Amino acid sequence: MQNETEKKLSFWEAYFKKEWSYTAGGVMLVILAVSLVVVTGKAWGVTGPFAVWGGKLFELFGVSAESLNFWAEGIATYDFFKDIVSMTDLGIVLGALLAVLLAASFKIKKMKSWRQVVAAVLGGVLMGIGARLALGCNIGSLFSALPAFSLHGWAFLLFFFLGAAVGSQMLKRYFM
Amino acid sequence: MAERTLDCLGEACPVPLVKTQKALEEMAVGDVLIVNIDHSCAMKNIPDWARSVGHGVEIEEVGEGEWDIIIQKMK
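Chains as they are written, first to last, in our numbering: chain R, 1 to 176; chain D, 1001 to 1075.
The shape of chain D in the complex, shown without the other chains (with noise of 0.2 Å):
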């Protein structure tokens, strides 16, 4: 079980969703992706969209303004 960072901060709405779609794309079942994120919309739409296709999703928020997004690719 493999885990990757990717890191989207500074970045905004859609580059963030993107970027997680294409990394998860690569990855095999089990694996962990952990999205840094400081824009607040992909705090919304990139769990969302994960939930949507049946990945486990968990969101930690580690400052003011800035979050990690833990999705574990499920299929």
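In isolation and in its complexed conformation, chain R is listed as follows (with noise of 0.2 Å):
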């Protein structure tokens, strides 16, 4: 058992192990989405690529996403590589890789119901649906768009608490 407040701790435990604070994480996040908008000129989004996978997805079972409104632009000329928000996307996993390598923690979890196999999936549709209809998640919709000063931040904002809070007591109740 170790003490953190008396135990020194070495250079890779102070950066590498032990999570940063809220502080140093939003600081480092705003340097980055700050950098992104400079680079290639466009603010930081995640979920968009997503509908373009998943007409890419639609086309080898033989549906004709291009014929759809929905993909009408976007899906013939997409290339994963030269997609800036697939390549932040990428780069997210492959981040989030590192760190958990880099502090030693590195697990695969195993699953510990169908309850919660259940939930994971669920959770997920109903996100996919969300992002779509909301044309973004809570990185697109709201923080890239309210530094921008776009009043549709605050009513995704607004909505997401709803959601958050409905989602919460439904987890609550049925799922632990």
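Treat the hints as calculated values from the structure; they're not laboratory data. Just so we're clear, the structure is a prediction, and the values are computed from it rather than from any experiment. Accuracy of the hints is not assured; some may be wrong.
To give an idea of the chain D side of the interface with chain R (calculated C-beta under 8 Å), a few residues [to be verified]:
(1) 1004
(2) 1006
(3) 1010
(4) 1025
(5) 1040
(6) 1064
(7) 1065
(8) 1066
Virtual Cβ for every residue (Gly too), placed ideally from N, Cα, C.
Two chains, each in its own frame: build the complex with the hints.
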């Protein structure tokens, strides 16, 4: 057992092992988000390409996604390695992997119950539908919208809280 | 002084925190609760909450990506 206040942390423990403060994380997010705008000219987003991937998946099964209005633009010209949002998405996954490996905390977690699987799949589907209806997730429609003084970010924030309140009550009642 | 173990392995936020709060409600002052977690966010939000209400908290790393949070109920 270690007493955090008495023990002097090594460089590795302080920067790679122990979690950073919320303030340090927030400052890093701002620096990276601003750099992204400066370098690419566009604000950070996440879920846009998911719709394209979904369309490509439909095409594998013979559905002509390009002929549908929803995918009218973008799907034919989409190139994973040239799409900035897809690249930052890949970066999130690789960065998370790097961080967990540096902290020596990599672990493949077991599924606890079928109820947990149902909750995860149901949550994923609802988040996907929500992100497409709102034309963005909490990154594109909130994190990137608020600093741009866009009103839709505030509308998103309000309903995001309402959704989270309903979701946590469902979690408590049905999935715990 | 009783000791109880709560298995939260494989569970993500906020489930471990809510389960910890529920378990502590049922326990007596001085009892010890050991929460097994493998979700790194729970390593922050459970100790943060427990300290904020005045319980004693210690964290022990038991393996790669696995921790025990040891909480002594103080009030």
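Quick rundown of the hints versus the structure:
For the restraint placing residue 1004/D at the interface with chain R, the shortest Cβ-Cβ distance is roughly 17 Å, beyond the 8 Å limit, so the hint is violated. For residue 1006/D, the shortest C-beta to C-beta distance to chain R is roughly 12 Å, which exceeds 8 Å, and the interface hint is violated. Interface hint status for residue 1010/D: upheld, as the beta-carbon distance to the closest one in chain R is roughly 4 Å, under 8 Å. The beta carbon of residue 1025/D comes no nearer than 14 Å to any beta carbon in chain R, farther than 8 Å, and the hint placing it at the interface is violated.
Given the 8 Å rule on beta carbons, the hint for residue 1040/D holds: about 6 Å separates it from the nearest Cβ of chain R. With its C-beta approaching chain R no nearer than about 6 Å, residue 1064/D sits inside the 8 Å limit, and its interface hint holds. Taken as an interface hint, residue 1065/D checks out: its beta carbon lies about 3 Å from the nearest beta carbon of chain R, inside 8 Å. The beta carbon of residue 1066/D is positioned within 8 Å of a beta carbon in chain R (closest approach about 6 Å), and the interface hint is therefore held.
The earlier numbered hints that this structure contradicts are 1, 2 and 4.
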